[in-house]
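Protein chains in written order, with my numbering: chain A, 6 to 237; chain B, 6 to 237.
One should not assume that every hint holds.
Copies of the same chain look alike in the list, so a pair counts if it fits in one copy or across any two.
Straight-line distance between alpha carbons at most 27 Å, and here's what the computed BS3-like set of lysine-lysine pairs gives [stated by the list, open to error]: (1) Lys127 <-> Lys82; (2) Lys22 <-> Lys60; (3) Lys172 <-> Lys148; (4) Lys148 <-> Lys170; (5) Lys126 <-> Lys170; (6) Lys126 <-> Lys148; (7) Lys172 <-> Lys22; (8) Lys128 <-> Lys60; (9) Lys175 <-> Lys124; (10) Lys172 <-> Lys150; (11) Lys127 <-> Lys150; (12) Lys98 <-> Lys60; (13) Lys98 <-> Lys175; (14) Lys172 <-> Lys128; (15) Lys127 <-> Lys170; (16) Lys175 <-> Lys150; (17) Lys22 <-> Lys126; (18) Lys126 <-> Lys172.
To be clear, the hints were calculated from the coordinates, so they are not data collected in a lab.
Protein chains: 2
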Amino acid sequence: TIVSVLEEQESPFLPLKGKRVVVTAGPTRERVDPVRFFTNFSTGKMGYAFARKAKELGAEVTLISGPVSISEPLGVKVIQTESAHDMYEAVMKELPQSDIVIKTAAVADYRPATPLDQKMKKKEGSLSIEMERTTDILGEIGKAKTNQFVVGFAAETTEPITYAKQKLIKKNANAIVVNNVSEAGAGFGTDTNIVTYINGSGLEWNLPLQSKEDVAYQILIQVANELKDGHT
Amino acid sequence: TIVSVLEEQESPFLPLKGKRVVVTAGPTRERVDPVRFFTNFSTGKMGYAFARKAKELGAEVTLISGPVSISEPLGVKVIQTESAHDMYEAVMKELPQSDIVIKTAAVADYRPATPLDQKMKKKEGSLSIEMERTTDILGEIGKAKTNQFVVGFAAETTEPITYAKQKLIKKNANAIVVNNVSEAGAGFGTDTNIVTYINGSGLEWNLPLQSKEDVAYQILIQVANELKDGHT
Numbered sequence: 006t007i008v009s010v011l012e013e014q015e016s017p018f019l020p021l022k023g024k025r026v027v028v029t030a031g032p033t034r035e036r037v038d039p040v041r042f043f044t045n046f047s048t049g050k051m052g053y054a055f056a057r058k059a060k061e062l063g064a065e066v067t068l069i070s071g072p073v074s075i076s077e078p079l080g081v082k083v084i085q086t087e088s089a090h091d092m093y094e095a096v097m098k099e100l101p102q103s104d105i106v107i108k109t110a111a112v113a114d115y116r117p118a119t120p121l122d123q124k125m126k127k128k129e130g131s132l133s134i135e136m137e138r139t140t141d142i143l144g145e146i147g148k149a150k151t152n153q154f155v156v157g158f159a160a161e162t163t164e165p166i167t168y169a170k171q172k173l174i175k176k177n178a179n180a181i182v183v184n185n186v187s188e189a190g191a192g193f194g195t196d197t198n199i200v201t202y203i204n205g206s207g208l209e210w211n212l213p214l215q216s217k218e219d220v221a222y223q224i225l226i227q228v229a230n231e232l233k234d235g236h237t
Numbered sequence: 006t007i008v009s010v011l012e013e014q015e016s017p018f019l020p021l022k023g024k025r026v027v028v029t030a031g032p033t034r035e036r037v038d039p040v041r042f043f044t045n046f047s048t049g050k051m052g053y054a055f056a057r058k059a060k061e062l063g064a065e066v067t068l069i070s071g072p073v074s075i076s077e078p079l080g081v082k083v084i085q086t087e088s089a090h091d092m093y094e095a096v097m098k099e100l101p102q103s104d105i106v107i108k109t110a111a112v113a114d115y116r117p118a119t120p121l122d123q124k125m126k127k128k129e130g131s132l133s134i135e136m137e138r139t140t141d142i143l144g145e146i147g148k149a150k151t152n153q154f155v156v157g158f159a160a161e162t163t164e165p166i167t168y169a170k171q172k173l174i175k176k177n178a179n180a181i182v183v184n185n186v187s188e189a190g191a192g193f194g195t196d197t198n199i200v201t202y203i204n205g206s207g208l209e210w211n212l213p214l215q216s217k218e219d220v221a222y223q224i225l226i227q228v229a230n231e232l233k234d235g236h237t
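Please take these sequences and the hints and turn them into a complete structure.
In structure tokens, the structure reads:
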């Protein structure tokens with residue numbers, strides 16, 4: 006038909022066609038009171054690049070985003086969230102009907118234990134903010150997943166590869182993408198990244214400095230290949 | 006001359022001509038470690054509106070900005086800062102050569118007492134973050150100022166007017182603009198604001214819901230009038 010010919014001309018390479026991909030992106034915000042919060046330097050660029058590239062490669066994409074300043078990608082379902090708890094609920098709701106989960110979001114590990122309803126009044130001297138652990142979203146996905154291919158992310162400043170290998174096993178993930186946020190051109194806020202992709206088969210693949218779009222593209226093709234080969 | 010005729014046609018009303026205006030805007034970020042920080046919901050819209058309008062009204066404008074996602078206004082000197090300490094240093098450097106200081110920035114009152122050089126490792130259980138007071142920028146301006154007209158801002162959720170009147174005296178400011186951040190259409194992130202302008206002569210002027218541009222315009226004209234009448 007005319008339609009299929011056009012589609013083929015526009016995007017002949019669709020290795021993720023028929024796949025439902027869930028991407029989480031950006032930071033989360035954990036409120037101290039109505040005006041103050043705890044967060045991190047994630048800008049969402051890596052996750053938004055994954056969402057756009059997954060769509061280009063033929064997938065049906067749901068992007069679960071924390072608060073960022075990037076325009077929503079076209080043709081992608083976007084779920085806006087604020088806190089780690091919001092993001093956890095959104096991810097667990099999407100998980101059953103997904104094939105691939107790309108967890109780039111820099112979810113807060115801790116949140117204020119007792120957020121205030123009114124703005125905290127400042128006082129003389131110091132102050133102690135009690136923090137409690139948030140739900141470990143990657144860990145919960147690892148427990149709940151059936152046949153989904155799950156890619157976790159790690160952003161460590163010390164011994165990133167060792168940490169990522171432990172994380173892969175502990176979280177029951179299929180792959181971990183390691184960001185060394187201390188390298189120039191890598192990590193939060195930049196348009197480029199330097200990552201290492203590791204998987205359960207012992208692959209340790211170093212992707213040199215390149216745009217976040219290119220990092221996303223290469224990793225998605227790798228994931229598509231692993232899925233085709235039967236990852237479980 | 007041709008130039009002065011053109012200037013008159015383009016902007017005949019220049020009540021701030023010859024005045025040097027310093028505006029602070031946006032939130033500050035107070036680091037816990039290389040990736041995590043405390044901040045607040047300020048987006049910088051109110052301060053950037055003041056900077057643009059002050060420029061339009063003829064002033065020479067310096068905008069000292071925290072991390073925001075707004076484009077830099079044309080014809081304005083912009084100093085980018087991150088923390089309360091950065092902003093304090095920039096403001097004190099600009100103060101001696103300024104005529105008007107508009108302090109819209111939502112500067113953190115507290116910062117982590119011992120920020121870490123490496124990313125904090127997460128552990129089981131809760132965590133306590135020790136916070137210390139940042140330098141009170143408005144208070145330091147109040148001590149150091151000579152003939153500058155200083156406008157402070159207050160964003161309180163409880164008894165905002167009472168609090169602002171105390172702040173006016175305590176900080177030796179010339180005026181305080183009160184934001185009730187709990188009213189719809191006011192405060193952080195919105196394009197509109199509802200404020201009350203109070204000054205040392207007992208004026209309590211309620212500005213109804215309107216764009217942040219219009220709030221800035223009206224307050225700058227009021228300040229220009231108070232300066233003309235001899236504010237000290």
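Going back to the hint list, which numbers does this structure go against?
1, 7, 8 and 17
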